[in-house]
Amino acid sequence: MFEGPVQRLIDELSRLPGIGAKSAQRLAFHLLSVEEADAHRLAVAITDMRDQIKTCGRCFNVAAEEFCSICRDQRRDISMVCVVERPQDIIVLERTQEYRGRYHVLGGSLSPINGIGPGQLRFDELMDRLEPEGIEELIVATNPTIEGDATAMYIAREFKPQGVKVTRLASGLPVGGDLDYADELTLGRALIGRSEL
Amino acid sequence: MAIRHDQAIVLRSYPFGEADRVVVLLSPNNGKIRTVAKGVRKTKSRFGGRLEHFTHVDLVLYEGRNLDTITQVAVIEPFPRLRSDLDAVIAAGTMVEAADAVAQEEESSIRLFLLLQRGLKALEAGERGQDLITSFLLKLADVVGVAPSLTQCVSCGRLEDLHRFSFGGGGAICDRCQVEGAVRLRDGITDYLAVLADAELMSLPPGDDRLSGEARGIARRFVEYHLDRKLNSLAVME
Chain A
1 MFEGPVQRLI
11 DELSRLPGIG
21 AKSAQRLAFH
31 LLSVEEADAH
41 RLAVAITDMR
51 DQIKTCGRCF
61 NVAAEEFCSI
71 CRDQRRDISM
81 VCVVERPQDI
91 IVLERTQEYR
101 GRYHVLGGSL
111 SPINGIGPGQ
121 LRFDELMDRL
131 EPEGIEELIV
141 ATNPTIEGDA
151 TAMYIAREFK
161 PQGVKVTRLA
171 SGLPVGGDLD
181 YADELTLGRA
191 LIGRSEL
Chain B
198 MAIRHDQAIV
208 LRSYPFGEAD
218 RVVVLLSPNN
228 GKIRTVAKGV
238 RKTKSRFGGR
248 LEHFTHVDLV
258 LYEGRNLDTI
268 TQVAVIEPFP
278 RLRSDLDAVI
288 AAGTMVEAAD
298 AVAQEEESSI
308 RLFLLLQRGL
318 KALEAGERGQ
328 DLITSFLLKL
338 ADVVGVAPSL
348 TQCVSCGRLE
358 DLHRFSFGGG
368 GAICDRCQVE
378 GAVRLRDGIT
388 DYLAVLADAE
398 LMSLPPGDDR
408 LSGEARGIAR
418 RFVEYHLDRK
428 LNSLAVME
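Listed in order, the protein sequences are those of chains A and B.
Using my numbering, you'd call the opening residue of the first sequence number 1 and step up by one each time.
Using my numbering, you'd call the opening residue of the second sequence number 198 and step up by one each time.
In case anyone wonders, no lab produced these hints; they're calculated from the structure.
Some clues are possibly wrong.
As the list claims (entries may be wrong) - Among the chain B residues that face chain A by a calculated CB cut under 7 Å, a handful are: (1) VAL219; (2) THR240; (3) LYS241; (4) ARG243; (5) GLY245; (6) ARG247; (7) HIS250; (8) VAL272; (9) ILE273; (10) ASP284; (11) VAL433.
Said to hold, decoys possible - Counterexamples of contact, computed for chain B against chain A with all Cβ distances above 10 Å: (12) GLU260; (13) GLU294; (14) GLN375; (15) LEU401.
Stated by the list, open to error - Facing chain B, a subset of chain A residues (Cβ under 10 Å, in silico): (16) THR96; (17) GLN97; (18) GLU147; (19) GLU184; (20) ARG189.
None of these values were measured; they are calculated from a predicted model.
All residues carry an ideal CB built from backbone N, CA and C; glycine is no exception.
Excised from the complex, chain B in its bound form (with noise of 0.2 Å):
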């Protein structure tokens, strides 16, 4: 049993006993994590709010067989302004639901990290609606290595007439390929997903109101086809 020093974000958590709860974070360097936080529940608890979702703090661990208990907690960005705007709290829901379907644990989780983190500092700073959830998800399946062939035929390469999207076949599909299952595209939603895939969440191209939704409706599709889940945090609010 050893202590331990580790920086994260608090993904979620749920009660555990009379006052206590499990935290689960996603830290850099040592993925998913699981922790218990003594006392938490209680409102002299000296933890505070400093363990609410999608705060990010420095930790120090007490290494248990199970699970670490935190001895100590400094919060690093408190995000506030995510808990005073009830869709700034659902998409950073979508956020951190979707980084904890793909975390692991004791694994290296760097790029995740970043990308949990530059969403999240997106909304702080005022930045909204379905392209931000899009771009982050588009983020995501890179980061796990499914990233969407949106320039190109998935099929054959071609890069015109890209008017079709295969979920299991990994992107867009061009007139002339058949692939079994393939939803028909509005035209210019594979430019605009390809877009938002490259762009910096902290500064997104302006919106397009006629694409967006069925935008995050691919991005957020693909992605569950591919976690092979449901992201409960958009579904719920519709």
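Isolated chain A (complex conformation) (with noise of 0.2 Å):
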């Protein structure tokens, strides 16, 4: 046990995902080493994160403002919708630079297992997005699970009802791996989602 306030922190860092007591230990005490404005910034930037981001009105994104920067952006697709599990997988969408649509972030998977059920994600959000925004293609990019697989199958039973073009995203082969590593599954589904040279 430590001096109160070094302990307090200690006990805070443990509890942050991937981060034990020796970590969290060994964290505090670097931040005790550091410059006071260094650690000044870091308190900071975690109350201003917490303080000042919210979720964006349209697609659930994290956001400043009331839309976040991809639904303010004029320039983007609006007739494509990318359906996301979480935030972090805009991101990862965005770094590809090769998609100028919009998002719209579920909260989560489909996992009747687990008790989650159309319910407890934002399908009706998304139904309710159709029409004013003139959404013609949806783009399911959820994990290639069997949750995820479950959520795409789901969207589209309920949205081509609608007149929605509904597509998920290839699955494949990784660039880079070798075919002799390929499991029967994503190589099966490599082999259906074959493209024309």
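The two chains are supplied separately, each in an independent frame; assemble them into the complex guided by the hints.
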């Protein structure tokens, strides 16, 4: 046990994902040894994030204003919406620089075994966006897991009858991978989703 | 610490640490086993999709103090069609959820394993509808030793007029007996349930739309009563 404030910081840090008691202690003593201004900057960054960041009123991405920067961008193709599980997935897709539409964050994926049904995810909010935004295509970018696949199938079932085109990210072999090590499921999907050269 | 070989069906998995997953499997010889698949969430993981739910796999495990670590996986049966139909996913989810609820760790569970395997195979072959789940749940109750009495009254043994059902009492009740909490059944339900309890999952008799829904409801409530837990997979999609 250390002096009050140090121990308090260690306790708080060790509640973070992937940080054990030893790492928390190391981080706390590092913060004690750096310039006071550096430690304050970190503290202010944490409180600012909590105070200023909210959820985008349209796509449920993290936002500093009423709408996130993607939803505010006039150059975006608003007829196309990419449906993701979490806000972090948007960053990954944005890094590809291949997609110019908007997003919709569901807040997770369907997992009947864990008691997560359609009612717990933002399907109704997505349905409400269809008409006002004139959405023509939904690109489902949920994880290629059984939960992600179930979510994609649910979206197809609910949204196709509304006249919206529903597509799913292709799955197949990772770039740089070796065919030898591909599993049956992935290879099977790669074959189904093969493209003409 | 030793390396061992096993085969199993993946029941469920959940994220663990930065890129790992805890994978819970049902093995015919060792019952429910909890394992760690290291790095499986990375796109270039050598396990790839081999440890996805419902997959029947051959494993090499490195025994640990709490959890065994998966070092090699080969797919025996991937059940790919299960993943392309939402109804099949929900049905398979119900099957693995129920099997997960009754399976014990370090206890041989050959009958349970074979039942789950047959259930998934039936779904993969295109068998659908409520009757498959009903039949599976009734067989599961039998495997764990709580099969309901469907052809005779659980109170007096009478074979006729079985128009009520007692979940706590363990089966059908005739019109003469008074059992607290027994629910009234539609005509023909007990016979319908009895046929499904005995039928082969891969070749179920033609379903009856009038009775299927109620029969599944009875089987589900019966299993939930005796497992003392709700089956989420069916509940959340209703």
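If you test the structure against every hint from before, which numbers come out violated? Of the numbered hints given earlier, those the structure breaks are 1, 9, 10, 13, 16, 17, listed in rising order.
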